[in-house]
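Colleague: Listed here are the chains, written in short residue letters.
2 protein chains.
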Amino acid sequence: MNIDNKTDLKYRDMRKEEKGKMAEKKMVEEITSMDVDFAQWYTDVVKKAELIDYTSVKGCMVIKPAGYAIWELIQKQLDARFKETGVENVYLPMFIPESLLQKEKDHVEGFAPEVAWVTHGGLQPLQERLCVRPTSETLFCDFYKNDIQSYRDLPRVYNQWCSVVRWEKETRPFLRSREFLWQEGHTAHATAEEAQERTIQMLNVYAQFCEEVLAIPVIKGRKTEKEKFAGALATYTIEALMHDGKALQAGTTHNFGDGFAKAFGVQFTDRDNKLKYVHQTSWGMTTRLIGAIIMVHGDNEGLVLPPKAAPVQICVIPIQQKKEGVLEKAYELRDILAKSFRVKVDDSDKTPGWKFAEAEMRGYPLRVEIGPKDMEAGRCVVCRRDTREKLEVPLEELEARAGELLETIQKEMLERARAHRDANTCTAADMAEFERLFQEKSGFVKAMWCGCEECEIKIKEKLSVTSRCIPFEQEQIADTCVCCGKPAKKMVYWGRAY
Amino acid sequence: MNIDNKTDLKYRDMRKEEKGKMAEKKMVEEITSMDVDFAQWYTDVVKKAELIDYTSVKGCMVIKPAGYAIWELIQKQLDARFKETGVENVYLPMFIPESLLQKEKDHVEGFAPEVAWVTHGGLQPLQERLCVRPTSETLFCDFYKNDIQSYRDLPRVYNQWCSVVRWEKETRPFLRSREFLWQEGHTAHATAEEAQERTIQMLNVYAQFCEEVLAIPVIKGRKTEKEKFAGALATYTIEALMHDGKALQAGTTHNFGDGFAKAFGVQFTDRDNKLKYVHQTSWGMTTRLIGAIIMVHGDNEGLVLPPKAAPVQICVIPIQQKKEGVLEKAYELRDILAKSFRVKVDDSDKTPGWKFAEAEMRGYPLRVEIGPKDMEAGRCVVCRRDTREKLEVPLEELEARAGELLETIQKEMLERARAHRDANTCTAADMAEFERLFQEKSGFVKAMWCGCEECEIKIKEKLSVTSRCIPFEQEQIADTCVCCGKPAKKMVYWGRAY
Numbered sequence: 000m001n002i003d004n005k006t007d008l009k010y011r012d013m014r015k016e017e018k019g020k021m022a023e024k025k026m027v028e029e030i031t032s033m034d035v036d037f038a039q040w041y042t043d044v045v046k047k048a049e050l051i052d053y054t055s056v057k058g059c060m061v062i063k064p065a066g067y068a069i070w071e072l073i074q075k076q077l078d079a080r081f082k083e084t085g086v087e088n089v090y091l092p093m094f095i096p097e098s099l100l101q102k103e104k105d106h107v108e109g110f111a112p113e114v115a116w117v118t119h120g121g122l123q124p125l126q127e128r129l130c131v132r133p134t135s136e137t138l139f140c141d142f143y144k145n146d147i148q149s150y151r152d153l154p155r156v157y158n159q160w161c162s163v164v165r166w167e168k169e170t171r172p173f174l175r176s177r178e179f180l181w182q183e184g185h186t187a188h189a190t191a192e193e194a195q196e197r198t199i200q201m202l203n204v205y206a207q208f209c210e211e212v213l214a215i216p217v218i219k220g221r222k223t224e225k226e227k228f229a230g231a232l233a234t235y236t237i238e239a240l241m242h243d244g245k246a247l248q249a250g251t252t253h254n255f256g257d258g259f260a261k262a263f264g265v266q267f268t269d270r271d272n273k274l275k276y277v278h279q280t281s282w283g284m285t286t287r288l289i290g291a292i293i294m295v296h297g298d299n300e301g302l303v304l305p306p307k308a309a310p311v312q313i314c315v316i317p318i319q320q321k322k323e324g325v326l327e328k329a330y331e332l333r334d335i336l337a338k339s340f341r342v343k344v345d346d347s348d349k350t351p352g353w354k355f356a357e358a359e360m361r362g363y364p365l366r367v368e369i370g371p372k373d374m375e376a377g378r379c380v381v382c383r384r385d386t387r388e389k390l391e392v393p394l395e396e397l398e399a400r401a402g403e404l405l406e407t408i409q410k411e412m413l414e415r416a417r418a419h420r421d422a423n424t425c426t427a428a429d430m431a432e433f434e435r436l437f438q439e440k441s442g443f444v445k446a447m448w449c450g451c452e453e454c455e456i457k458i459k460e461k462l463s464v465t466s467r468c469i470p471f472e473q474e475q476i477a478d479t480c481v482c483c484g485k486p487a488k489k490m491v492y493w494g495r496a497y
Numbered sequence: 000m001n002i003d004n005k006t007d008l009k010y011r012d013m014r015k016e017e018k019g020k021m022a023e024k025k026m027v028e029e030i031t032s033m034d035v036d037f038a039q040w041y042t043d044v045v046k047k048a049e050l051i052d053y054t055s056v057k058g059c060m061v062i063k064p065a066g067y068a069i070w071e072l073i074q075k076q077l078d079a080r081f082k083e084t085g086v087e088n089v090y091l092p093m094f095i096p097e098s099l100l101q102k103e104k105d106h107v108e109g110f111a112p113e114v115a116w117v118t119h120g121g122l123q124p125l126q127e128r129l130c131v132r133p134t135s136e137t138l139f140c141d142f143y144k145n146d147i148q149s150y151r152d153l154p155r156v157y158n159q160w161c162s163v164v165r166w167e168k169e170t171r172p173f174l175r176s177r178e179f180l181w182q183e184g185h186t187a188h189a190t191a192e193e194a195q196e197r198t199i200q201m202l203n204v205y206a207q208f209c210e211e212v213l214a215i216p217v218i219k220g221r222k223t224e225k226e227k228f229a230g231a232l233a234t235y236t237i238e239a240l241m242h243d244g245k246a247l248q249a250g251t252t253h254n255f256g257d258g259f260a261k262a263f264g265v266q267f268t269d270r271d272n273k274l275k276y277v278h279q280t281s282w283g284m285t286t287r288l289i290g291a292i293i294m295v296h297g298d299n300e301g302l303v304l305p306p307k308a309a310p311v312q313i314c315v316i317p318i319q320q321k322k323e324g325v326l327e328k329a330y331e332l333r334d335i336l337a338k339s340f341r342v343k344v345d346d347s348d349k350t351p352g353w354k355f356a357e358a359e360m361r362g363y364p365l366r367v368e369i370g371p372k373d374m375e376a377g378r379c380v381v382c383r384r385d386t387r388e389k390l391e392v393p394l395e396e397l398e399a400r401a402g403e404l405l406e407t408i409q410k411e412m413l414e415r416a417r418a419h420r421d422a423n424t425c426t427a428a429d430m431a432e433f434e435r436l437f438q439e440k441s442g443f444v445k446a447m448w449c450g451c452e453e454c455e456i457k458i459k460e461k462l463s464v465t466s467r468c469i470p471f472e473q474e475q476i477a478d479t480c481v482c483c484g485k486p487a488k489k490m491v492y493w494g495r496a497y
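Protein chains in written order, with numbering that gives the first Met the number 0: chain H, 0 to 497; chain V, 0 to 497.
There's no promise every hint is true.
Where chains are identical, the list cannot tell them apart; a pair therefore holds if satisfied intra-copy or between any two copies.
[What the hints assert, rightly or not] Here are the simulated lysine to any residue pairs, SDA-like style, with alpha carbons at most 20 Å apart:
1) K75 x Q182
2) K75 x W160
3) K168 x G121
4) K102 x R387
5) K75 x A376
6) K75 x Q159
7) K227 x T118
8) K82 x E71
9) K245 x Q438
10) K75 x E87
11) K82 x S339
12) K75 x W181
13) K227 x N145
14) K219 x Q101
15) K168 x Q123
16) K104 x L122
17) K46 x V163
No lab work stands behind these hints: they were computed from the structure. Since the structure is predicted, the reported quantities are computational estimates derived from the model, not experimental observations.
With the hints as extra help, turn the sequences into a complete structure.
Modeller: Listed below in structure tokens is the structure:
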């Protein structure tokens, strides 16, 4: 039964009353409205939901318990999906000797301008300076060179969970910071076909993970030559659309062919007794996924977490908790729910109004309210964070109903995100339309492209948008390139990116 | 039924025959006997069991899948024990600005000589150089300074899993490397008593974890002033004895009092409305635990893993696997066992002899052998890694028996390690006995101490041993200090340390 704005005035009134107090005492500081200033809203949410804190180390952040717990859930579920496909975890050093970084020409050009250099160890200057890994292709090649001898040693499907450093000038929590957490998979295969298969396989793992766990729909496709990873033959990406219409690259997979193998001498003796170069891939997802969750699902009350990525799925809030039996009942409900869900009781001495606002700010998918009158009636009130819908639920049905509701929320959050994405995806057949669309609003615009980098650069300069990907699902919007008018080769997704 | 060296000649003979082949073809390279050269034996085991590999980065190692999977099991079980005591995980930056490191005098003196310095970010020199964290007390203080305002914010019981860097001159895999993985807990409390309680609580968590999961018995105690952590009021330690009689510090916890809080200005408003300094602790365990597992339990055939820290608990080895139905039966057994245990089938094209030797090298607690004759008789052969005892087990009893055996192995490994430790722990009442004991062999020697650093240094110089700890369980071995003859204050464990 939906009671929002209809029945059971006790709750509505109490909330009003409490909200009054709240405003009065400024108990919960207001966050900027996302419609007024999306960037400020984002910053407010990451701070007020206590996901991060700033530090004395410029461009680096502290990931606080509420933020790190989301990352732990991402790690756990992504790692399980990796292992199902035969991935094994390893750990390689965080330092790369300069000579090693320089072995692959494109790679060093791409990364050298943004690495941090260690020049002294202890009190001595180092003979050769070391960079703090911005990514570990070079280290994996150096390792595989000795580790791989025969076709029997292949494939190698290794991954590591670690932090990497890129000396960015402009930083934003989760989206772009000088140090961030990620996983980086690095594989070596006997054939080009197998490497390509793994590249696509991991892209699919990423896409499914985003949709099934984070409730974020993504576009799968290939990056253009201009946008591909430094040293890769081909880069594939999953692109998500944020609430403000900007695009976010949520994960990438790279096929290196045998380029790195040749630069590093990673060879194996094949079944035919011939010495051959391995074919390699790499793939990564980072803590920026937490930024994506915030920007896809959040609203003006704060964070909205999809149940599968929510460290607390249900928050039980006692009403009039000093009255006899209320706290005990709240703990009892927690104990029942904790068998199947991640639950907490907010038994702090704050007012219910504060607790409601805080539960909303922190994005807990469900809130369960229990007070003396509820106890008398043998029921409680359950409130969904995503729709803010309120339901009366008999206590004996709570566990089952909570499970159904969490599933519904997970499903509907994905559906809403997909509907938003689709509503903000347009097609442009010519340049005039293309310009008009990006003048009016942000979003994805699908347009035809001749395949030449010149047009890509022109579009970027003119519209301040970048090619997000050449999607696997192609459509024939027009016959000619949106920029030069020459015959089109591919349809491309364009957008403003984080 | 124990069939080793008695019945069922088929297996014994086959193993002999296979072992013959093995030696002939040098299929499994020999490891150095631990009695001949323990250090070389250790190095051989970490390499041959494929736990690590060396790298181009001096003093750093690659932790390979078999090694990293042990670390994952350590992490998972230790983290669960942490969370039971209210610990929350966070992530702080890997860089410490030089000015921040210098705020606590003793701390910077202890660590500055062994840190790596970042001096350039991208193409620019940094205005202030940053060290790569050797430990994060200074960063946590800098964070807590803003994060903690009121008594309501206390206690803070945070932990992070990360890697740290200490520029060691001599390195050994897992035991001492320039970069290593660890967890570091950092807590802040309203009172000195609470900080002391947490310091001891975490030491107990560490000790229980070592005994219950790693099957390593430890001595709990306090470090002397000379051996305590740079900047701590008191350091507590758990000390384990390796197979060669050397001591290994397996984990430490530190009580900082309010020293760091004063240096960094970490204050809170207490219930009495007065501004007070917090009391802090920190505690850490590292990948050196893997070194401890190797050196406590390993033997001349390689690694011996306690079941609770074994990534593969049971290895099923098909005998005559090309015969009809054998491989299928091996997979069937795996599927049955996999419901309760971590299992693999070695279905490679190597000979059974090779597989046996490899399973032993890798330290799998149980090996299950299944061949055509076993299938006919409705049984299999189960071999314990720790005792190398062989048992015939009816197939329908395999799951239950495997569970019992793994429990027995876990229990008996701890008992054997404790018996070894006790057999190598002596007491010395005077200097002559003290010297004689360490001349004869390594091990722990318990001796009385007057409490002055001069004697501690003299003993170190004379016997090349260090004080391991002042154990919580004190004994009155003599009335006078083993070194100076003055009245003794404490009994101390002494030993040669890794």
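Colleague: Within, between, both or neither: how does the pair K75, E87 come out at a Cα-Cα threshold of 20 Å?
Modeller: both (14 Å within a copy, 16 Å between copies)
Colleague: Taking 20 Å as the upper bound on the Cα-Cα distance, should K75 and Q182 be classified as within, between, both, or neither?
Modeller: both (12 Å within a copy, 18 Å between copies)
Colleague: Go through the copies and call it for K104 and L122: within, between, both or neither, with a Cα cutoff of 20 Å.
Modeller: Between copies only: 18 Å across chains, 32 Å inside a chain, cut-off 20 Å.
Colleague: 20 Å Cα cut-off: does K75 pair with A376 within a copy, between copies, both or neither?
Modeller: neither (40 Å within a copy, 43 Å between copies)
Colleague: At most 20 Å between CA atoms: does that hold for K245 and Q438 within a copy, between copies, both, or neither?
Modeller: This pair counts as within: shortest intra-copy Cα distance 13 Å, inter-copy 72 Å.
Colleague: Indicate which option fits the pair K75, W181 if close means a Cα-Cα distance not exceeding 20 Å: within, between, both or neither.
Modeller: both (13 Å within a copy, 19 Å between copies)
Colleague: Using 20 Å as the alpha-carbon threshold, which applies to K75 and W160: within, between, both, or neither?
Modeller: Both. Shortest intra-copy (11 Å) and inter-copy (14 Å) distances satisfy the 20 Å Cα cut-off.
Colleague: Classify it for me, K219 with Q101: is the Cα-Cα distance of at most 20 Å met within a copy, between copies, both or neither?
Modeller: neither (31 Å within a copy, 49 Å between copies)
Colleague: From the Cα coordinates, with 20 Å as the cut-off, is the pair K168 and Q123 best called within, between, both, or neither?
Modeller: For K168 and Q123, the Cα distance is within 20 Å only across copies (11 Å; inside one copy 29 Å).
Colleague: 20 Å Cα cut-off: does K82 pair with S339 within a copy, between copies, both or neither?
Modeller: Classified as between; 18 Å across copies, 24 Å inside a copy.
Colleague: Is it within, between, both, or neither for K102 and R387, if the alpha carbons may be no more than 20 Å apart?
Modeller: neither (55 Å within a copy, 48 Å between copies)
Colleague: How would you classify K46 and V163 at a CA-CA limit of 20 Å: within, between, both, or neither?
Modeller: neither (23 Å within a copy, 27 Å between copies)
When the structure is compared with the earlier hints, violations turn up for hints 4, 5, 7, 13, 14 and 17 and for no others.
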